[in-house]
Amino acid sequence: MDHASLGWWGVPLAVLAGAIRVSTPFLFVSLGECLTEKSGRINLGLEGTLVMGAMSGYATAYLTGNPWAGVLVAGLAGSLLGTLHAMICALERVNDIAVGIALMLLGTGLAFFLGKPFIQPQAPQLPAIPFGWWSSSAQVRSALDINPLFLVGLALAPLLLWGLRATRWGMVLRIVGESAEAARAMGYNINRVRLLATAAGGFFAGVGGSFLSLSYPGSWNERLSSGQGITAVALVIFARWDPVLCVWASLLFGGAGALGPALQSVGVTQGYHLFNAAPYVLTLAIMIATSSSRHRLAGAPAELSVTR
Amino acid sequence: MNVMSRIAPSSTSVPLGPADGPPAPGLEAVAITKRFGAFTALDGVSLKLRPGTVHALLGENGAGKSTLVKCIMGFYRPDEGAVVVGDREVVIGDPRAAQTHGLGMVYQHFTLVPRMTVLENLVMARASVPAVIDWRAERRRLAAFLDTMPFSIDIDAPVATLAAGDKQKAEIVKQLYLDARVLILDEPTSVLTPDEADETLGLIRGMALAGRLSVLIITHKFREVMAFADDVTVLRRGRLAGSGAVADHTPDSLARLMIGDNSTAVPVERRGLPGTAARLRIAGLRADDDSGLPALHGVDLTVRMGEIVGVAGVSGNGQVELVQVLAGQRAATAGNVSIGDEPYRATREEMRRHKVHCLPEEPLRNACVPGMSVAENMAFRSFDEPPITRGGNWLGSWWLDPAAMRRAALDLIGRYRVKTTGPDAPIATLSGGNVQRAVLARELSREVDVLIAANPVFGLDFAAVADIHAQIVEARNRGTAVLLVSEDLDELLELSDRLVVMSQGAIVHETTPAAADLTVIGRCMAGH
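So the sequences go chain by chain: R and P. Last residue of the first sequence: number 545 in the working numbering, and the count goes up by one each step with no gaps. Last residue of the second sequence: number 530 in the working numbering, and the count goes up by one each step with no gaps.
It should be emphasised that the hints constitute simulated quantities derived from the structure, not laboratory data. One thing to keep in mind: the hints can contain errors.
[Claimed, not checked] Computed list of chain R residues with no C-beta within reach of chain P, every gap over 10 angstroms:
{"hint": "1", "residue": "Leu309"}
{"hint": "2", "residue": "Ile325"}
{"hint": "3", "residue": "Trp406"}
[What the hints assert, rightly or not] Not the full set, but computed from the structure, chain P residues with beta-carbon under 8 angstroms of chain R:
{"hint": "4", "residue": "Thr102"}
{"hint": "5", "residue": "Val115"}
{"hint": "6", "residue": "Pro116"}
{"hint": "7", "residue": "Ile135"}
{"hint": "8", "residue": "Arg138"}
{"hint": "9", "residue": "Arg142"}
Glycine included, each C-beta is placed from N, C-alpha and C at the ideal position.
Chain P with its partners taken away, still in its complex shape (with noise of 0.2 angstroms):
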């Protein structure tokens, strides 16, 4: 919340071309319906959006948020309620169907092509291509298109090179080219710098004030539904829990809309001061990416005892090779890693002696082995040494304690509250933050010296994240040094003690989260 005060509302004057063809349409579903089974997703929501204004959807993961727009755009079909698109009622059986409606929706991820360029991938997601392509009219005729639009992207450029403001520019060209009248926006900021989202969200809010489309956002961030939205629903647990103007509301009102009124956990207080030596040392830290081109380009950075150090940055920007290489996932191209004094190379033996533990991004692909039992993927630090195994003499460290890994596991579910039908179940069966819970239970019950955590809370419900966030800062007030890279500038402000901004492989920024000036952070985050 702490950031909404400090970036004053982005202005909405925004050059706009000649408004064509008559004016975007209203949408309205009506009293929505939708069941998997036996779950209710859906319980009779309605949503109204006005002609030519922005409107934002809040609501926790898990409320329905998406449900609700995926019943709209036509992949799911609603056991009960309309939708209406302008004054008529519209049956959408599927996304082609939506599209000429005048719907079209911009998803969390990106759906271009990324080794196709701009142009191709617009020309080919209309829904009439001709069997030979010219490629030279079809040029002239989009780059007309664009002067007529208020973004500018390079067209002849593969989507992959392009920053993620950029594709997220083109997917929403995309959309106007495709003719949108009404555009459906997924959590469109969630990659985006503050600077990109503020560019982005006013462009889009002036072409709806100037009459040429209805926006409705999906969003859990209050500070754009502040700043940008007209008016706001809020889901919880696929109810209705409020809708009006926004300027009735408050962050707060609208907090106590999406979160309801009980459960506000206590966040863990920061006890003490970090220590003076330091934990974790990584200077001159070079590495290539997938493709074998540098994603690190000399990272410097030291993590002192009972300190969290966080790692702000816009994905992409080498934060995914950094804790690749710290957790022995990536072999670093020069520099060193040092923990205490000494080199640190992550392998098992060093993770094990100097108790380094790792909360990757994604657990179940880059901690777990999704088919093996939630018992055996909670011993993945310990099963090669007693009690696990038994016996002491040299081959005693071959056989394993099946029985003993189970009650470790018991243990474990009952102290970290993983919800699980027993240690014996595939941990896939699992839901993601019982994913994640099993894994910081496996990271930090034993002693941890240094942690390197991964955007821990990615798509969790506000208990598990509050749960989590309490863990990791008592871990530090225990004296752990703490590693915490995140695209969650609002989770690093809470958390950290100090923070650093990664841009284009390196470190360009340190402050405290105290002293944070929000617009200097997210010009370095843009690289600036």
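In isolation and in its complexed conformation, chain R is listed as follows (with noise of 0.2 angstroms):
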């Protein structure tokens, strides 16, 4: 079959393999943002996070020519930044998105200092399943190669659904995010349990930064993340904080953000720009429509401070 001749049934594909292809960073970020704000705290900072995490995969994955070892150290690097963002937050009076702002512009500012000799060599990338062999066409081959993150991703959901509800752990971060007060009276130690929730967040986030630098689009360079970091926090929210419906928000996003190259490739060049900008119109209108003035969120942790 002909690259072309797929003509406009090529638009969903493209959608399709977008959404598999951009939601990974999403998922992985939702996810680890989940895990934290599950505890009561609300990490800004993980758009930083992500972007340290490209560069430091990235860089890795350079120097020691293994794109896993790009993946392990980007994780690291996360949850080294997710503690800082805890250990800041343990002290009196800070504020948490506050200080997930300032990490934010941190994690930023220090990956494109650190990163610049790392943005024209090439790394080697992480390599995808083909789970396309069956087809002919060359566009469905493409759409169905899939990195191994997602799957990744797509198993982590559950298991931190499970996770929550099944274990001690999930249930000691659940009760501190719910009820401080609660927690401490059965003697848990409430900044312990949210800085491994972070720590373990930023490692997410991290892993979700590798994806982008060694994967999708899969080079280094300074202009690598467009805001998904902060997409994927409000993602958490449109999710209600439950891991499996992240996976679908992640989805949805992915597939907005494929949307403009997709429609470009068949030849819609008019209003180009205006669909890239659908996953922020789709945000804002999905918080538009799922909040309001006069009731608290369902399902927000209780002791969440932007919610409370």
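Each chain sits in its own coordinate frame; assemble them with the hints.
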């Protein structure tokens, strides 16, 4: 089958392919943020963590020749930033939102500074699994080249859901997020639980960042992230703090992000920038539609400062 | 006190499960002294809880009841004295250690996680929880345990959906599930209807009589002491004021021990009959709560000039939302509020024109800016008009005169006896009673046509309570229409001209204090 012969059918296919490809960083950041917010703290710094993960992952992959080592280092860099956030927030009278914004700036700035030497060289990329081998269409095949990280993210979501419900760790995390008073009465160290939750959330966000530089788009430069980290934070609210809903929300946003390029590829050039803005318009529209001035968001952890 | 004569002590015959394990131990606190800096909160107080009995700990706010219990439970380390459980002296370093000695405490405010189920809460409260929880097995085990208890609760319901009485029972069941043999209850009935209170205390007393529990109840309700306790200990200003068998005491003798012989303030008389003209009229008022669920389901209420209308009810039945709508803190979804003949939407301009004033509950949170000074907080009603604004031209109201603001505050501080280091102190540095007085001064020093007060004396000592009640009654006598929302039925029966009961967001019953039947009121409060 010829490349162009798909015609308009190429648009839904490209949106699907985009949903899978573009959604991966959303998925990891939102799962990480979901975990952090379940403990009653919001980490807005994940945008910085994402960029830092992208840079450190790319640099490690380039220096060691192993992209998986890059993923691991990206995760560790993310958990370092998460730990920093948690440690600052554990101090008296510190606001987690302000710290998050500061760390967002710190993370991106640091990544740009340290990542300067890695803009030119080409690092080894993460291998994709060719799920489209059965098709003769190049477009279908390329759409179904799925990165294993996406599958890891898919598996992680139900695992997190189960963990939050049926393990001691998950229960303690939720108690801390729902009622610090109750957690204290049970003798749990709230700051330690939140530190671990924020570090784990940072790890996921870092891994999400490594996907950006090691798979799609697959290089390191300063314009790599276009706000995915901050969008993913909004996504958690949209997903009502449910890891499995985070998957669906990520796919939706990934698909919306692929709409502009897909339409361009079939020759629709008018309003190109408008279509590219689809994810942001979607974010805004969904937040307006699902929020209310009259009542709290359903499902929000009670200790979360932004929803109080 | 008038409540007491009307409710017969509840029967103590309760269904009991098989008594398992050894009988409950006694508890003794020996000459406990606790100082905070230069302040002595407890001065050599002793208390003896006999095994298998119910012991009441009585005292005013600030008398040291909580401090004593916290010393026993390991929250505080006493400076002197000892705690004896059974026949052994024990050193309790923290609340977890108290649990291992079989001590369990039920707090005044619920400590269960609201959005988790009773089952999840109880399992997570255990000292050791497995890494992976088999909820089905845990559920079976808890259900089996509950079968041996006189309590029945729905263990799969999220705690937030339980009625206050069931929440309290869940808290008690939790302690029993954790194997508590000595149960300490801190004001266990403050959020319950009289019926719920009688039921819960009856069950507890039944378990004590069966030898399964020794119970220490902190309370300030004489009725509960007389009906449910075997022994009583009374504290006053950190010292032991008296103790002994309840049978040897009367409510009056307990009151004397609690307050001391001096200073029983004479209540202000309500003078004159209420007017006939309706001042505040609420019709079909509906509003949502914070989670967007309907909290008010069509409230109809009229308050006349020179009348105090008391609103009784268990907290969480829409009283907070009602007061917030009237104070302009919450939008109504339907219905009308009018003052005189004019519609009222609680704008600042309307409040000023109709002279509507509010004493919300928790005034530091609801009516003050904690970080601003006493003078500024006292000027919230008047800072944008002369004499605090200067000049007469159109620019005039832009310029404030801080000196005039301070002068006005100094005058109010003197007249209302607000204890503060000065008008410039942040209002958050004042004690609860003095914040209350400062807000009262702000709201009552001007001409008041309509006063909305919610739990105005919550947490205050006797002198402050008498003072604030007198102010409210005086305002009524001057012709103010007063809507008084309170969880304290005694307060309402004492002050109101007319009494209504609010349940599940609607007015379900109306009566006068003279004709009030407490059984009916209790049933209406419970929503029957």
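How the hints compare with the structure:
For Leu309 (chain R), the non-interface assignment is confirmed: its Cβ lies about 25 angstroms from the closest Cβ of chain P, beyond the 10 angstroms cut-off. Chain P leaves Ile325 (chain R) outside its interface by the beta-carbon criterion, the shortest separation being 23 angstroms against a cut-off of 10 angstroms. Residue placement check: Trp406 (chain R) does not keep its beta carbon more than 10 angstroms from all beta carbons of chain P (closest about 7 angstroms). Here the hint on Thr102 (chain P) is broken, as its CB sits about 12 angstroms from the closest CB of chain R, past 8 angstroms.
Hint status for Val115 (chain P): holds, given a least beta-carbon distance of 5 angstroms to chain R, under 8 angstroms. The restraint placing Pro116 (chain P) at the interface with chain R holds, with a minimum CB-CB distance near 7 angstroms, inside the 8 angstroms limit. Taken as an interface hint, Ile135 (chain P) checks out: its beta carbon lies about 5 angstroms from the nearest beta carbon of chain R, inside 8 angstroms. At a threshold of 8 angstroms, the smallest CB-CB gap from Arg138 (chain P) to chain R is about 10 angstroms, leaving the interface hint violated.
Nearest Cβ of chain R to the Cβ of Arg142 (chain P): about 16 angstroms, over the 8 angstroms cut. The hint is violated.
Checked against the numbered hints given earlier, the structure breaks hints 3, 4, 8, 9 and satisfies all the rest.
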